[in-house]
Amino acid sequence: MGKPTEEVRDRKKASHSNIALSSTDHYNPELDDIPDIEKFRLVEASGLFPNLTPAQRKKLASSSKKSSSQDEEQQFGHGFQAILYTIPLCSVYCVMDMLVHRQFNENVTFWPFFNRVLKAAPIMLILVYYTNKYAAKPLVQFLMFLGAIGCGCYLIWIINKISYLGVMRRCPPLASLWIYFVVQMRLAPAVASLVTVFIYFYFGDPNFKI
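All the letters of the sequence shown, read from the start, carry residue numbers 1 to 210 under this note's numbering.
Because the hints were derived from the structure by calculation, they are not lab data. Everything numeric in this text was worked out from a predicted model, so none of it was measured.
Straight-line Cα separation of at most 30 Å, DSSO-like style, residue types lysine-lysine; simulated pairs:
1. K209 with K161
2. K137 with K119
3. K119 with K133
Based on the sequences and whatever the hints tell you, model everything.
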């Protein structure tokens, strides 16, 4: 038989490389179960890449953090995260509801209080689901920025302008939404929204007080 042609040799090399890759592409629980951020820490501590510049180290660290957050989202899902975030938000609502009732010397009875929380929880769950799922989008950040300003300014206005019954009804949901929007926003728009609400309180009306 004659020597194999160049094309046959290339096919054999390609088949050998595919076999080698497939042999190393299997699941290894000792390595694959380690989070990416922990892998980066181990590699950095071992000194395998001593010539990396600070910018390259920062880029690797940010990419590992991003991949670990994506793995967490894939593991738990946005629905489970929405439930986890709704629980403390409902707790904030409960605290605000009790505080505003006690401020006006109103007793907080169980069943009316439970009904108010039960009505607010599904709305909060839907809001938390969509805002948390798309929190990184600039449009959602802008809408939460406007929502934080609106909730804060309106909360200050109703405390000073309407009757105590309206304050008891509206303050708990407004305060809860205001806190949630500020927590979900990035630092710069969160601080800007708080400064805007303070400017409204300070310059809006001389009779405003909290």
